[in-house]
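Participant: Each chain is listed here by its residues.
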Amino acid sequence: MTTEAAALDRIERRGPLRGFSGLFGVELRVWFPWRVLFMIVAGFGVFALIYVPWRGFEVNQLGPLMIWFLVFWIAILLMSTVSLTEGAVLGEIERGTASWLVAMPIARPAFIVGKFVAVGLGLAVVVFATGLAVYPVLADAAQRGIIDFSAWEVFEVASQPIGGWGAYTRLPDMGAYVAMLLSLWALLVFLAALMMLFGSALRSRTAVFGLGLGAAGIILASGILAGSATAATPAGIARAIIDIAQGKEAALMTPVIGTLFATGVVLVLAVWVFDRRDLT
Amino acid sequence: MATDMSTMRIGVSGFWGVLRGDLGRWLGRRGLFQLILWLLIIEGFLYYTVATENAPFGQLGYEILLNMLMFFPIFAGIILAEATIIGEYHSGIAAWLVSKPVPRAGYLTAKLGGLWIGLSLTAILIPGLVANWWLPKVEPYRFVTPEPPPFGRFLAALGVTVVVLGFFIALTGFLAVLIRRRGITALLAMIVWLLLRIPLPQIPTAWHRYLPSGLYGTNQTAEGWIPGTEYIHGHPFGQASAVPMTMLAAVLLVASAVLVYQRLEL
Amino acid sequence: MTVPAIEIRQLKKRYRKVEALCGLDLTVDQGSVCGFLGPNGAGKTTTMKILMGLIRSSSGWAAVLGNDVSDDDLPARARIGYLPQDPVFPPSQTVRGVVASVARLYPGHPRGSELRRRVDGLIDRVGMIDIARRRVRGLSGGERQRLGVAQALVGEPDLVILDEPSAGLDPMGRRDMLSLIEEISSRATVFYSTHILDDVERISDTVVMISRGRAVAHGSLDDILTVSEADYTVRLRGDTAGIHDRLIAEPWVGEIDIRRRTETEDWRIRLTDDSVADRLAPLLASDDDCDVIEFHLSDRRLEDAYLELVGADDGD
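Chains as they are written, first to last, in the numbering used here: chain C, -4 to 275; chain W, 163 to 428; chain D, 164 to 479.
The hints are simulated quantities; they were obtained by calculation from the structure and are not laboratory data. Please note that the accuracy of each hint is not assured.
Stated by the list, open to error - Cβ-Cβ distance ranges computed for the label pairs, FRET-style: (1) C:Val47 - D:Asp231: 51 to 57 Å; (2) C:Ile219 - D:Asp235: 50 to 56 Å; (3) C:Val36 - D:Lys175: 37 to 43 Å; (4) W:Tyr372 - D:Ser233: 36 to 42 Å; (5) C:Gly40 - D:Ser233: 40 to 46 Å; (6) D:Asp361 - C:Thr92: 33 to 39 Å; (7) C:Ala128 - W:Glu309: 50 to 56 Å; (8) D:Tyr178 - C:Ala119: 34 to 40 Å; (9) W:Tyr372 - D:Asp235: 31 to 37 Å; (10) W:Phe207 - D:Gly204: 54 to 60 Å; (11) D:Asp235 - C:Thr92: 30 to 36 Å; (12) D:Gly204 - W:Tyr210: 56 to 62 Å; (13) D:Arg279 - C:Arg271: 38 to 44 Å.
Ideal placement from N, C-alpha and C gives every residue a C-beta, glycine not left out.
So here's chain C without its partners, still in its complex pose:
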C-alpha cells in the first residue's frame, strides 16, 4: 500500500471523528491562552471586589465571601461561556469557514466535537485554576474570622452593618470543594453543549446569544425557585453550590450525573442537526 493510500485508509477508518485532532488543535489555540486567561482574571477580579471590602468587618467573613463570590463567579462564568461560544458554530457558518472545513476530509461530527472538547478543556482550566487559587484565602477567612487589615480608608466604607451574613458558615473540606468545582464545570460544559446545538440549529447569532443567556438564566432561576424538583438537572447543580456556599450539606452526585447525561444528549443532538444543515 502506498503512503497516500495508507493515509486515506487511516482517514477512512476514523469515521465520524476524522479530522478531529487537527480541528481540536485549532480550537485549543482559540481558547489558550487569551480567553482562558481573561476568564481567570475576571474570576480573580470578582473575588477581589468581594473580598477586599469585607476584610475590615469584625464578623466571620466566610459566609458573605463564599456566597457573593460564588454567585458572581458563576454568573460571570455562565455569561463568559455564552459570550465566547455564541459564534463558535454559526460564526463559522456565516464566514464560510465551516463549509470550507467540511469540504476537506473532515467529518461534520468532528467539527462540533472538536470545538466542544476544546471549550470543555478551557473551562476546566478556568474553573480549577481560579477555584483552587482562592481556596487558601477562604480557609484563612474561615480560621481567623477577624482580619486586622482595614480597607475602609481605601474604599470609604461607612460603618454600616452588613445584614444577614453574620452567621457561621462552614468551609467545605478540600475534597468537597473540588467536587463542587467539578460540578460547576459540568454545569458550564452543559451550557457549552447547548450553545453548540443553538449554533447548529439557528440562523441568527443574536438569537443564539439570547437563547444561551436565557438558558443560563433559567438554569439559575429554576435552581433557586423550583427546589428539589430540579435535583437531577443542571439547575440542581446551581442549587447545590449555593447550598454549599451557605454552609449546608448538598448532594452533588445526582445533579452531576444528570447534567453529564444531558450534556451527552444535547451534544449528539447538535451533531445530528449540524450534519443535516445546508452550509452556504
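Please arrange chains W and D on chain C, whose structure you already have, making use of the hints.
Facilitator: Chains W and D only, in chain C's frame:
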C-alpha cells in the same frame, strides 16, 4: 457658510434616513415579534413570581417588575447593539451605508438611537404599562402587590429604566467600535452591568450618586429596594443626581464611539 | 474650466508590511467612461475605497468632483453613486425596500408616489421589477449585483464608481450591465474596475491600467490601442528565405515574429525607428521569390496592451 449649511442638511438627512429605516423595522414585523416576546417574558415571569403559588419571595410586585426591566431589556440591548454595530461592520453593510451621504456620526447615532427607542418601547414602556394595569388586581395573592402607585411616579420609574438602557446601549456601542469582536464586547458590557448591580453598590460610597449603580444597584435604599420601587411608593428618589450623570455618561460614550468610528477603515 | 471627476496625486496606502498603493496618479475627466484595469491585488478596490472615504490614504492626495476625499465631504458624496465589490445589503429587506431606503438617505429626495415611481423605474431599468418584492436573502449573485447598480443610481449621481460591476454575471447579465453603463454615461461620469478587457474596449473612452499600486498606462482608449508607426503586419506567399535574410541585415529592422500558415506566412515586423517606415514596403516588394498579400500597421487589441504593460511591470 453656505457649504456648512449644506453639509449639515445632508448630514441630518442621512441620519434621519438611517434612523427611519431602523425604526421602520421596529414598527413592522420585527417590532411586533419583539413586543410579543417581551410581553411573554415580563408578564409571564411577573405573574409566576407574584400571582401564583410559586411566588416565593413575598416581595413587592413592583420591585420584581422594575428589577426585571433593569435586567432583561438591558441584556437584550447589549446583545442587539453589538450585533448591529459589529455585525454590520464585518458584513460590509456599514461601509455600504457610509458610502452614501451619511456621516459616520449619523450612522452610529442613528443605529444606537433606533435600537434605544425600539427596545424602550417594546421591552420597557409597553410591558411596564401592561403590568401596571394588572399587577394591583391579581388574586388570590394580592398581598404581594401594593395599591397602584401614582401613574406619574410609575412613568418616571420607567423613564429611569429607559435611561439605564440608553447608558448600556451607549457603552456597548463604544466597546463595539473599539473591540469589534462580538462575544467579548457583549461580555464586557454585561460584566459592567453585573459590577454596577451588586459588587460595587456593596461598597457604600458617595460615588453611586454619580453612577448608574445609583439607579439600579442593590443596597441603595433603606428598604433594600431599587430606587425606582422606593420612589413609586412615595419616597423621594434617592440618587436623583445619578439620572443626569448617567445620561451624560451615555452621551460621552456615544461621542467617544463616534471619534473612534471616524478613524475606522470600513 | 470644469474640475476633473477624479483626481489622484501620489496616493499611497500601506497595510502594515504591504504597500497596496505606491504613488498612484490619475485623472478622470467629467463625462468620461473610465475603465480601471489591473491584476488582482493591484490596488483597484483600495483606490475606490479611498475615493469613497471608507479607508484613509497613508499619504498623497485624492479629490472627487473637486473635493478632497480626506475632508469627508458630504455634499460631494451626495453626488456619487457607488457599487462595492461583492455588495451586501440587509438580508431581510426587499429589493424595493433597499432602493427606497437608500433614496431616503439623499437630501431633498422625492416622497410618496414620486419616490415610488423613481424607485420602481430604477428597478425596472436593472430588470428586477418582477422580483421587486423578493427579499435580499433570496437573490442570486447576479441579481444582487444588479440591485447594487440600482441603489448606486437612485441618488441621481454625477459620478458613478462601480467596483467590478460585471463580476458574477452570466453572459446576458453582462450584456445588460454594459448597456446600462452606456446609458448611465449619457448623464454621469463612470469610473469602473473590471478584469474583462472586451467590456472596456466596448464601452470605455478612457483607460487606467494599474499594477503593483501605480498606474502603468493612462489615457484615452484610442491612444492606448494605437501602436507606433514602427509595427507592421505582413502576409507573404512563396519562398520567403531571401527576403528574411535581407530584412534582418538592415540595421533599422528590429524583431520579426513569424507565424507559418499552410500556404502563407504572417510576419510581424518591428522597426527600430518609425522615421524609416517608408523603406519597408519597397524592400518587400523588391523580392521576386514571394508575393506580398497584405501589408498594414499592426492591429493592437486591449489585451495586447494590457499584457504588454502590466506583464512587463510584473516581470513576466
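Participant: Starting from the hint list further up, note which numbers the structure goes against and sort them upward.
Facilitator: none
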